[in-house]
Amino acid sequence: MLETVRFFVSVWLKFFFLFTPFFALSMFLTMTAGYTEAGRRRLAWRVSGATALLCLALFFFGRAIFAVFGITLDAFRVGTGGLLFLSAVALIQASQAGARVGDDEDIAVVPLAIPVIVGPATTGALLVLGAEIATPLRKGIGCVALLLAVACVGLILRMAVSIEQWIGRRGLSILSKITGLVLAALAAQMILTGVRHFLAEG
Numbered sequence: 001m002l003e004t005v006r007f008f009v010s011v012w013l014k015f016f017f018l019f020t021p022f023f024a025l026s027m028f029l030t031m032t033a034g035y036t037e038a039g040r041r042r043l044a045w046r047v048s049g050a051t052a053l054l055c056l057a058l059f060f061f062g063r064a065i066f067a068v069f070g071i072t073l074d075a076f077r078v079g080t081g082g083l084l085f086l087s088a089v090a091l092i093q094a095s096q097a098g099a100r101v102g103d104d105e106d107i108a109v110v111p112l113a114i115p116v117i118v119g120p121a122t123t124g125a126l127l128v129l130g131a132e133i134a135t136p137l138r139k140g141i142g143c144v145a146l147l148l149a150v151a152c153v154g155l156i157l158r159m160a161v162s163i164e165q166w167i168g169r170r171g172l173s174i175l176s177k178i179t180g181l182v183l184a185a186l187a188a189q190m191i192l193t194g195v196r197h198f199l200a201e202g
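Residue numbers (the numbering used here): 1 to 202.
No wet-lab data here; the hints were simulated from the structure. Careful: at least some of the hints might be erroneous.
[Unchecked claim] Only pairs whose alpha carbons sit at most 20 Å apart, straight line, appear in this in silico SDA-like list of lysine to any residue:
#1 139 <-> 31
#2 139 <-> 36
#3 139 <-> 151
#4 139 <-> 85
#5 177 <-> 92
#6 177 <-> 67
#7 177 <-> 189
#8 139 <-> 123
Model the full assembly from the supplied sequences, consistent with the hints where possible.
Structure (structure tokens):
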């Protein structure tokens with residue numbers, strides 16, 4: 001039971017940081033400057049729904065995608081780790097720039113769900129994590145952890161204005177940089193795991 005709980009928490013934390021929630025929050029606030037509070041709330045739930053559907057598809061069909069293209073999981077680990085590391089560096093150096101839009105523009109899927117929350121590096125990481133989890137029980141636990149992470153991001157977006165008032169834009173910037181450091185560590189772990197498995201098989 002304890003091992004199951006540890007696995008659930010580990011997967012949930014990985015997904016949560018992969019979604020770069022505080023960077024997404026900064027972009028959400030910038031791009032919805034012309035929205036009403038009710039409009040922001042509705043948009044936050046639409047972003048959550050679009051993110052959940054996309055992530056579930058990537059999570060469950062990772063192995064099939066690898067089989068179709070003839071890509072080994074270890075090769076994808078190394079490639080995804082490199083891309084994730086570059087994303088982490090970009091996140092640490094990111095500014096708060098962004099476009100402002102009005103209520104008449106639906107930005108739930110593009111660009112908020114894709115690529116702000118689920119960018120190329122996150123896509124690769126989801127494919128790897130989904131392919132790594134083989135047993136049906138762990139697959140189900142991973143799915144629940146994924147949906148909980150999406151729900152947490154949605155809740156953060158839903159409370160965007162309150163969070164901004166509480167910690168300010170500078171606080172959001174600091175949290176985004178901390179997220180970048182965590183992603184860099186995840187990237188290094190992916191690369192090392194891929195290289196270690198490749199050398200063991202060679």
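Tested hints:
1. Taking the CA atoms of residue 139 and residue 31, the gap is about 35 Å. The hint is violated against a cut of 20 Å.
2. A distance of roughly 39 Å separates the Cα atoms of residue 139 and residue 36; the hinted pair therefore is violated under the 20 Å criterion.
3. Between residue 139 and residue 151 the alpha-carbon distance is near 18 Å, which keeps this suggested pair within the 20 Å criterion.
4. Distance hint between residue 139 and residue 85 is unfulfilled; the C-alpha atoms sit about 26 Å from each other, more than 20 Å.
5. A distance of roughly 4 Å separates the Cα atoms of residue 177 and residue 92; the hinted pair therefore holds under the 20 Å criterion.
6. Between residue 177 and residue 67, the direct Cα distance comes to roughly 36 Å. Violation of the 20 Å bound is thereby established for this hinted pair.
7. As the CA atoms of residue 177 and residue 189 are separated by approximately 19 Å, the hinted pair is consistent with the 20 Å bound.
8. Taking the CA atoms of residue 139 and residue 123, the gap is near 17 Å; set against the 20 Å cutoff, the hint holds.
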